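Trainee: Read top to bottom, the protein sequences are chains S and W. Following UniProt numbering, the numbering of the first sequence begins with 1 at its first residue and continues without gaps. Following UniProt numbering, the numbering of the second sequence begins with 1 at its first residue and continues without gaps.
Worth flagging that the hints you see were computed from the coordinates, not collected in a lab. Mixed in with the good hints, there may be bad ones.
Note that identical chains are pooled: a pair holds if it fits in a single copy or bridges any two copies.
To be verified - The list that follows gives simulated cross-link-like pairs (lysine-lysine, DSSO-like), each with its CA atoms no further than 30 Å apart:
| no. | residue 1 | residue 2 |
| --- | --- | --- |
| 1 | K296 | K239 |
| 2 | K317 | K491 |
| 3 | K540 | K477 |
| 4 | K296 | K470 |
| 5 | K265 | K239 |
| 6 | K281 | K491 |
| 7 | K74 | K477 |
Only a predicted model underlies this, so the values are computations on that prediction, with no experimental measurement involved.
Number of protein chains: 2
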Amino acid sequence: MTAASSSVAERIAALQTRIKELKVAKQDATAEVDEMKALKEQLGKDKKSGSGFQLKTPKGTVDHRPEATLLRKKIFHTLESIFVKYGASTIDTPVFELREILAGKYGEDSKLIYDLQDQGGELCSLRYDLTVPFARYLAMNGITSMKRYHIGKVYRRDQPVVTKGRMREFFQCDFDIAGVYDSMVPDAEVLSFLCDALTALDIGEFTVKMNHRKILDGIFELAGVPQDKTRSISSAVDKLDKMSWADVRKEMTVDKGLDPVIADKIGEYVGLKGPGWDVLKKLEADEKLMGIESAKAGLADMRLLFEYLEVFGVLDKMSFDMSLARGLDYYTGLIYEAITEFSAPPSARPTPSVPAPDAMTSSTPTSLPAKADKKAKSSDKDKAKTEDDAVDEASVGVGSIAAGGRYDNLVGMFAEAAGQKRDQVPCVGISIGVERVYSIMEMRRKNREEKIRGKETDVYVLALGGGLLKERMAFAKMLRDNGIKTEFMYKAKPKAPAQWKAADDDHVPIVAILAPAELESGTVRIKQQVGKDAAGEENKGVEVKVEEAVAYIKQRL
Amino acid sequence: MTAASSSVAERIAALQTRIKELKVAKQDATAEVDEMKALKEQLGKDKKSGSGFQLKTPKGTVDHRPEATLLRKKIFHTLESIFVKYGASTIDTPVFELREILAGKYGEDSKLIYDLQDQGGELCSLRYDLTVPFARYLAMNGITSMKRYHIGKVYRRDQPVVTKGRMREFFQCDFDIAGVYDSMVPDAEVLSFLCDALTALDIGEFTVKMNHRKILDGIFELAGVPQDKTRSISSAVDKLDKMSWADVRKEMTVDKGLDPVIADKIGEYVGLKGPGWDVLKKLEADEKLMGIESAKAGLADMRLLFEYLEVFGVLDKMSFDMSLARGLDYYTGLIYEAITEFSAPPSARPTPSVPAPDAMTSSTPTSLPAKADKKAKSSDKDKAKTEDDAVDEASVGVGSIAAGGRYDNLVGMFAEAAGQKRDQVPCVGISIGVERVYSIMEMRRKNREEKIRGKETDVYVLALGGGLLKERMAFAKMLRDNGIKTEFMYKAKPKAPAQWKAADDDHVPIVAILAPAELESGTVRIKQQVGKDAAGEENKGVEVKVEEAVAYIKQRL
Chain S
1 MTAASSSVAE RIAALQTRIK ELKVAKQDAT AEVDEMKALK EQLGKDKKSG
51 SGFQLKTPKG TVDHRPEATL LRKKIFHTLE SIFVKYGAST IDTPVFELRE
101 ILAGKYGEDS KLIYDLQDQG GELCSLRYDL TVPFARYLAM NGITSMKRYH
151 IGKVYRRDQP VVTKGRMREF FQCDFDIAGV YDSMVPDAEV LSFLCDALTA
201 LDIGEFTVKM NHRKILDGIF ELAGVPQDKT RSISSAVDKL DKMSWADVRK
251 EMTVDKGLDP VIADKIGEYV GLKGPGWDVL KKLEADEKLM GIESAKAGLA
301 DMRLLFEYLE VFGVLDKMSF DMSLARGLDY YTGLIYEAIT EFSAPPSARP
351 TPSVPAPDAM TSSTPTSLPA KADKKAKSSD KDKAKTEDDA VDEASVGVGS
401 IAAGGRYDNL VGMFAEAAGQ KRDQVPCVGI SIGVERVYSI MEMRRKNREE
451 KIRGKETDVY VLALGGGLLK ERMAFAKMLR DNGIKTEFMY KAKPKAPAQW
501 KAADDDHVPI VAILAPAELE SGTVRIKQQV GKDAAGEENK GVEVKVEEAV
551 AYIKQRL
Chain W
1 MTAASSSVAE RIAALQTRIK ELKVAKQDAT AEVDEMKALK EQLGKDKKSG
51 SGFQLKTPKG TVDHRPEATL LRKKIFHTLE SIFVKYGAST IDTPVFELRE
101 ILAGKYGEDS KLIYDLQDQG GELCSLRYDL TVPFARYLAM NGITSMKRYH
151 IGKVYRRDQP VVTKGRMREF FQCDFDIAGV YDSMVPDAEV LSFLCDALTA
201 LDIGEFTVKM NHRKILDGIF ELAGVPQDKT RSISSAVDKL DKMSWADVRK
251 EMTVDKGLDP VIADKIGEYV GLKGPGWDVL KKLEADEKLM GIESAKAGLA
301 DMRLLFEYLE VFGVLDKMSF DMSLARGLDY YTGLIYEAIT EFSAPPSARP
351 TPSVPAPDAM TSSTPTSLPA KADKKAKSSD KDKAKTEDDA VDEASVGVGS
401 IAAGGRYDNL VGMFAEAAGQ KRDQVPCVGI SIGVERVYSI MEMRRKNREE
451 KIRGKETDVY VLALGGGLLK ERMAFAKMLR DNGIKTEFMY KAKPKAPAQW
501 KAADDDHVPI VAILAPAELE SGTVRIKQQV GKDAAGEENK GVEVKVEEAV
551 AYIKQRL
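Just chain S, same shape as in the assembly (with noise of 0.2 Å):
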């Protein structure tokens, strides 16, 4: 033990200097220090028992407990309803892949997948979303066309910030269209879901950010930046929602080696915000930026998306932002988030100095009403983050309940690499972060101080004398088999009080009262306990036939 000990402490120190390194560098150093404060626990336990057994789950996962999970089922339940009016099938994909399905799709964030060991035969790893088994499935079975939505865990091995919901393992609840249709239809009627689904969760007042990769790119090629840094100055882009444009140009220029002249070319339009229609004028009375090919084609669909979103109603929930720029790499048309008030942090932050650009002073500022405004600035992205980022944020609040986009190429790289000459199956889809959804209605619940039930018992049948236990049965089996939820206790001869206190733990509404002299004379004793009756019964209850039992019950119920 000491040995081991000891070369656990070596390695802890070899790592802090690679972090130091790293850090220096301003490198990723997410791995290293995961890995470090996991040896640092290792130690820890090392030292105070001789075992080191961990009654525990792995790092960044937990155990939902049955409150927890009767809430997730009850999101999942409302979410499936808009799904299915929306004309949606399901499908179920296992959790792990192929290794080489995952390779290539997430950019940066490919460190964070979960890899299986090779215990001979194929190499796999956990899926990292939904999306891309999605487009694998399409692409394998030759699918052309589909409307499927899919509830399910993925993985990551970010570094998670319990208090935020970011976790190792998170539910996903995707929602995705893929096929050759008429530009925006379907891209209209995702956001249309999108802000159903919103409406339906407890969640309060919400805002969809969108933007386009098309008019970035254009705004890219405006302002000059090289076709090789356009990923690179992208992402830093993405940052503004979190960090200042001071901030974001230093990355441009210092960390990526941007001209100074480019990023502020690019700092005249990303700081535009607002309605669809006021944004959507601005820029296509933008001159240059409307002789670029990919900017003009980018605005023509944002035109008709408007116009789709206003027949579905939905319009004046969009924001159309040109700071939106989503960093994963398989998006191509039409990105979007949602935010909502609890995206922000608790105590409010000072507002970001995002620069008013002088073509479009006006529009910033006034454009978004200033409670949005606010929220917008401090959303999150699902990225890999640092460590730094992590406890950062650890005192924000949820970030983005979902985010999604148009992905058009995605199908048919999977077909290609395949050796399989197929067309291209366009896709647009959203991504619903259950797991903050579900932060936010438990804090909207606390807040209400409602009453959480784990389990939803009906009756608790209960001897008073004698025990009665076979008795206390055949009255469950009674109350079972006509659809009660029933509960009684797995003792021979229960003490009353135990017996009343078990009722009450559980808040169970009714309860049923066995006693020998009322037995014989075929009868039960019932007794509400809570609800408007509780108290007008003077605690003791209605003597009820055992043969009527049952309905009067259910009319109770």
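Put chain W on the given structure of chain S with help from the hints.
Mentor: Below, chain W alone, put in the same frame as chain S:
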């Protein structure tokens, strides 16, 4: 690529030698055979294409298509409605656990556990069942009593047999009762639940085989089995449902070195099975057996259990079967396993010759109905399988559809390993094999030629003339806002036949037809596609005012 291919070929050759050695030594070669197959496949792919990219799911896993996913949801829904009637709450645990949590729980089957790769941090494995995570949950949280159900996927690197629903990733559906209660009351509850659940599922007649570890131990003690051979002899007995007594006896004496006299003594008991009271009375009349402490205690448990099962009205579903032993290490008392007519192979097989021991000649052939008897012989356990087993079983039925038993020490093992001083938390539970239930339901549905829908869209909104995209959108939105599952084509100007075909392909029951002239006068045409009214309207549908369409459609659904 050539170098890689030749090293693969070398590895295959080495494996072939090793497999031969293992087979000669009568040892398990599953892992080796598995690896060899994967390598052969890889070699073939390498030769065919340069990329080697495979568009597939990992071995032993499948995508569940919409129809299959919906049917599974139905199964879960049925089971959940019964779980809650029995007062169970539900929890959700991570799909992987710390590796040491699973260690030492599964006997020989531990080699089937999937490990996650060591990427720095903790060593983890995918869960193998839902029982060990439940026990860990109880121990970790110091919970001493709980009734919980859990539906989730579990993972086993077993030899997959797709035809009989044995996969490497599959759903389990567990119900367990933890806590110190009076003898056999929770056990009776679990069995009553099991019968309710199997009755509610659409799987035909079933039988629950049961036995008691203490009775088996008593028989082994009486026969003179050395203490260190108890588990291996027990696992030989467990094979009586698919091997003849002669073969099992041979395994005991030749492979496992048991004295043939002892084996024959065991043989006098293990052929015994039949209705609970019949078998129990025979065993209670056996003075030698009753002289063994553990046997006597086990038989007292069974007597109490049968009394309770009579109260619950399910005793007639039970078969007290002395050949049932169950493979897992952690069982300590009552054990059971449910089989159906579909557990047996499609074609009848010759009944294996079970010995009719002198002392109870009459019981073996007459005690169970002939049909149930045949079933029992070929049911299958969720245990490690060798390659040969797998080939053989592809032609048999789905095997047992539920299994479980009492495990009184598992929770305490965790508490103890973690250095906690706690009392034992006795548990009893059942695991339902959802995939096998699914196979049976699917088979029965196919036999009945039922039409299966992958989604349940109520209304298809189509346009005749002019495209009317925004009008279709607005109409669809109105229906959806009123809870009606609605679909339309995502084209600006879709052709009529394409729209009709889409509605037909999804078996949508109602079509709403928008046409320019009718819309101008404020009406749409509603046409019933299926059901009794479909033909009566001469295929033209009924003209309805737009504002009355929701009410009209709701009435028709």
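Trainee: Which earlier hints turn out false for this structure, listed by number in ascending order?
Mentor: none
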